[in-house]
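**Student:** Reconstruct the complex from the two isolated chains, following the hints.
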Amino acid sequence: MSSLEAVAATESTTAQERPAQPVKAVRKTFSSPIATILVLVMTIMWTIPTFGLLVTSVRPAQDVATTGWWTFFINPHFTLANYQTVLFQNTFGASSGLMPYLINSAAITIPATVIPLVLAAMAAYALAWVRFRGSDTIFFIIFALQVVPLQMALIPLLSLFSGGLHVGDATIIPALRTIVFGVGPVSAQMPQYAGVWIAHTMFALPLAIFLLHNFIAQLPKDVMEAAMVDGANHFRIFRSIVLPLATPALASFAIFQFLWVWNDLLVGLTFAGGTPEVAPLTVRLAQLGGNFGRSWELLTAGAFVSIVVPLIVFFALQRYFVRGLLAGSVKG
Amino acid sequence: MPDTSVLADAVLADSTWSDAAGKFAGTFGTVAVFIGILLLIFYAAGKASGRVARPLAIVVFLLPSILLLVVGLVVPVIRTIYLSLYNDTSTNYLGAENYKWAFTSSTIREVLFNTLLWIIIAPVLTTLLGLAMALLVDRLRGQAVYKSLIFLPMAVSFVGASFIWRFVYEARDPAQPQIGLLSQTVMALGWKDPPNWILSHPLNNFLLMVIMIWVQTGFAMVVLSAAIKAVPDEITEAARMDGATGGTLLFYVTIPMIRNTLIVVLTTVMITTLKVFDIVRTMTGGNFRTQILANEMYSQAFVQFNTGRGSALAVILFAAVLPLVIYNIVQLRKERATR
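Protein chains in written order, with the numbering used here: chain E, 3 to 334; chain D, 876 to 1214.
This is chain D alone, in the form it adopts within the complex (with noise of 0.2 Å):
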């Protein structure tokens, strides 16, 4: 390396150490501004004594988050709901106009479908490899370490995940040695000629499920392997006393016992399927027909700055969580009923 372009690095890294010192400065800062105050409000309101002091103390403690979430989520969910009758700037009624839009268009047509099949797909593959797992590593010796290994793509970011399987989908002419894992093992298997998987639609789809799948599914072996622990050991002796095993013990009195964990792990992976829209934004940004609801609201608003439409396209996503959500907090309030 030249010298000049060392000491143009040097320059360079200096520069970004006195920024990153600025910024720090911020940001401890404000924390240490946003404690301090919170102290000096805790100490003069602590001063305050007889009826005052209870109401004083409420408000003290609540009035910040309240705020917050109004500021933040109430108004504007409903500002959201109204935006979503409008045009694109906001200046003409249009009534359900944008609902008609996404309902029809047929490319808003496609990216319903896709996320349709987003949410059947990903959901019942996380929960069935989460179960399997689950059901065959509580045997195992060193159980933990397999278990880490497979909850680990949580801790990742789905765009990093997303970089992750990106290099595992590269694809090279088939003629040139390949540096995708993927293509190296079809052709290693005997497939000659693998398409470039990324472009090839139909199957981009289901390629980029595959990462949601990765990162999920050590979630749902964790909440199931718990579920399945706490089924109660006289039930599976009795079972077993019956003559039950392998297969009967499972079908029968394992899965109904934990039923219901199983149908949340299934809407909660739901949930998360509908709203990520990492995933395909950084592999593909939409393209090749691998647009889904997340990602184009995201477009709609902020990069085509539709307001009206992008808006309308919330509401849908919203509308589609909703009842989920509502099932997951009455299953579980009943289950604690029960218990």
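Isolated chain E (complex conformation) (with noise of 0.2 Å):
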């Protein structure tokens, strides 16, 4: 919450660029080459890590065990075989490589994105625009919950979902297996991801409530009111107003959910276990670190399969990426 409200002032000054000229002067002042020199190492520094994986991941094993990665520019050997054995081939330990575990990452991350982000859209329409009494103190709780890390909250409800809520013989809440089951024919792996989602999304919400509740708070009233005066009920106006007006609003917070989604670790390993039915590439990539060790080549062009989603995301949504992640930087 706290970076969000740093964010929201962010915004506004970049938004309005200052004056030109005491800027220049100040720039003047500190301008020195030795600036653009720190700046220039700091960013190599940043950047070369990163770089070596992926260069790394396009070598033959053979250069990659004997020698550096920054030989290659001296020795270009490239090859995509790698790509090829990590993604589809019999290799760490599972049948088809780590192919399974992307497509795991990409049906665990959307539903867990696009349920959140409606649920909290219409929590925060309802707090903002359909007030009543206590509304105000639900959102307080509601924002308040941030406070809560994923840590206090994994154990029970691991065991809720695996084991139900009963209260003497009378089953509150059942597992969640029987209500998945219970719902219709759907495959075996489908309760897991039930868990998953539904984990992802109960995780999301405080945080997606009160962003998405900041923005819809200040849409202009005389639209709302003059829809009202139309006889439109909440759920038109919620629809055909609110949502389209509230776009980017929920596009920041789509955006930073599917990466959260996609990078997370801590749920993924808790709910989905560590089968090649469920898992997300991140539980698969942990596991990996321990056991295959030694063959790099596989295990860099492994890692540069589950960050390339995101970095795809980064440069292509570079504004609202950075808008989002800032918000939500204190989750979790």
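There could be a bad hint or two in this list.
[Said to hold, decoys possible] Okay, derived cross-link-like pairs now, DMTMM-like style, lysine to aspartate or glutamate, Cα gap no bigger than 25 Å in a straight line:
hint: 1; chain 1: D; residue 1: K1209; chain 2: E; residue 2: D138
hint: 2; chain 1: D; residue 1: K1067; chain 2: E; residue 2: D65
hint: 3; chain 1: D; residue 1: K975; chain 2: D; residue 2: E985
hint: 4; chain 1: D; residue 1: K975; chain 2: D; residue 2: D963
hint: 5; chain 1: D; residue 1: K922; chain 2: E; residue 2: D232
hint: 6; chain 1: D; residue 1: K922; chain 2: E; residue 2: E227
[To be verified] Beta-carbon label-pair distances, calculated as ranges:
hint: 7; chain 1: D; residue 1: A1019; chain 2: E; residue 2: G276; range: 36 to 42 Å
hint: 8; chain 1: E; residue 1: I50; chain 2: D; residue 2: M1116; range: 38 to 44 Å
hint: 9; chain 1: D; residue 1: G970; chain 2: E; residue 2: A172; range: 27 to 33 Å
hint: 10; chain 1: D; residue 1: R1016; chain 2: E; residue 2: T277; range: 47 to 53 Å
hint: 11; chain 1: E; residue 1: I39; chain 2: D; residue 2: V1061; range: 19 to 25 Å
[Stated by the list, open to error] Covered by chain E, per the in silico footprint, the following chain D stretches (three or more residues, Cβ under 8 Å):
hint: 12; region: 905-916
hint: 13; region: 980-994
hint: 14; region: 1060-1074
hint: 15; region: 1194-1206
Hints in this document: simulated from the structure, not taken from any laboratory.
Values in this document were obtained by computation on a predicted structure and should not be read as measured data.
Glycine included, C-beta positions come from ideal geometry on N, C-alpha and C.
**Tutor:** The following block contains the structure:
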């Protein structure tokens, strides 16, 4: 929540660029070749580890095992075989490489982004525009729930999902498995997926509601009132006015949540386990770290597979990305 | 490659794709059903009129979130505190026994000490580097490029970041050609016999912190850079008129002006540092005396199934995060009130 507001300040100051003259003067005072060199050195230091990983992942195994990645530029042997191997072949002790885990990551991330986004937008709208006695209190409690670290909820939630909730002999909430299979004919791994989706949704809601509330509460009042006068009910207003107008905030949060879930290890490890049917890439990679510590051409290719999606999002949607990420940087 | 293995690969790939199709059907099916049900409820509840319309809207909009929050956060928090007072199978009440264990057992004492090192060193260095970068980069042409590259690690998962750095720290016998960048660099600088980095305590703790700093510096830089830009020009101008330059301007004008933001960045990185277990889990698994609280909590609760002890560690983590978060909230409220 904290950095969120810091960012709100950020946004307003970067938006209205300051008058050029004094800034230039200050810049001039400080600017020196030393500053340039320092920035360059730091940028290179920050970039080179990732770059080394990428280079290694396209070198043949023999080269990787015997020489440093920097020799690639003297002696360039390029190959994509490592990617072929890690994605599809029987490597890393999994029958078909990392591909199933990549698919799991996508299968986990999409619902775990859409569901909290929609639910939070609904709650934010109700708290901002359908005000009632106690709505401020509820909003404050939700806001305060952001302080809870994930770790505080994991143990009870896992036992709830696997065993349900019972008081005496009465079952208040049945095990997730029972509920999911009760809904209809679904695949065997569905309960585990559902567990991960629900857990991510629960953990996302406080931040999501808080963020979206801030935005939705500031939508123009006269538009809402005009719609009311025209006889639109709350559901219509929500769908045809609030959602379209709140798109920037929804996009920021969607990107943040997408990356959060994609990059998450803790929730995945706890609720999906390590099986190829459900586990996301991060979980698999964390396992590989211990077991296959020597085949660096494969490990680097595997690691790059896992970071390529966030990197694409980063470069394609940098503006929203920065906003969303800063806003959510204390989550968890 | 022999033909049979190509065939086997093809079969594997086929099963991968059909498997994928099944999973995506389940995934998109779930999303579609979820949205469909919501639209139906919206439609049905929209029909209501008169006095029930408003309460009904409130219930439809709010109830799902509130139920999920109560079941997923409120109840579990209470339950974790409760479990922390019981033994590892939750059958015997132990009082504060688990907490006593946490503060007296020598292994956990080391874990807490490591955690303390982490939450001091990583946030301070992150903030300082972020500040330095923010001050320097704003005066350069092409600052957007530098900023993007420094911020880029924020996009990578902690697991991915750990892999990137494991490779940097990879150590070989000094007689052989090195493949890790760190060994190569220090040997080029004249250190004949560098250690196996990840195994050498206490150095390994700091090498793991480097990963956290590498990831978070971009965040510090972006926030601080914005705060520096927000310092009114009249103030810096006035100070310059009075003869302040370079260092004086920095330490007596700019830094005092962005003090609050500096503290917020520091506490925010501290909170993240306390909670993240991915780095230690991926790099060392907590071995070689690098264990920290968040990873120990996971190991106790989900590897060794010591529910009571794991819960107690979670509560300690919570207690450590809480004052930082509250401070952040209060600080920012104050700031907003004065603006």
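**Student:** Is the Cα-Cα distance between D/K1067 and E/D65 25 Å or less?
**Tutor:** 24 Å, holds
**Student:** Cut-off 8 Å, C-beta pairs, minimum 3 residues; does the coverage of the region 1060-1074 of chain D by chain E stand?
**Tutor:** violated (count 0)
**Student:** Indicate whether the distance between the beta carbons of D/R1016 and E/T277 respects the range 47 to 53 Å.
**Tutor:** At 51 Å between Cβs, range holds.
**Student:** Just to make sure I understand the rule, a stretch counts as covered if three or more of its residues have a C-beta closer than 8 Å to a C-beta of the chain. Does the region 1194-1206 of chain D meet that for chain E?
**Tutor:** holds (count 7)
**Student:** When you take the CB atoms of E/I50 and D/M1116, is the distance between them in 38 to 44 Å?
**Tutor:** 43 Å, holds
**Student:** Lying within 27 to 33 Å: is that true of the beta-carbon distance D/G970 to E/A172?
**Tutor:** 30 Å, holds
**Student:** Taking 8 Å as the Cβ threshold, is the statement that the region 980-994 of chain D is covered by chain E upheld or broken by the three-residue rule?
**Tutor:** It is violated, with 0 qualifying residues against the three required.
**Student:** Tell me if the beta carbons of D/A1019 and E/G276 are separated by a distance inside 36 to 42 Å.
**Tutor:** Holds, at about 41 Å.
**Student:** What's the verdict on D/K922 and E/E227, does the C-alpha distance respect the 25 Å limit or exceed it?
**Tutor:** Distance ~20 Å between D/K922 and E/E227 Cα, so the pair holds.
**Student:** Between the region 905-916 of chain D and chain E, are there enough contacts, at least three residues with CB-CB distance under 8 Å, for the coverage claim to hold?
**Tutor:** This one holds; 5 residues, not fewer than the three required, reach chain E with a Cβ under 8 Å.
**Student:** Are the Cα positions of D/K1209 and E/D138 separated by 25 Å at most?
**Tutor:** It holds: about 19 Å lies between the C-alpha atoms, which stays within 25 Å.
**Student:** Do the beta carbons of E/I39 and D/V1061 sit within 19 to 25 Å of each other?
**Tutor:** 22 Å, holds
Violation of the numbered hints given earlier is confined to hints 13, 14; the remaining hints are satisfied by the structure.
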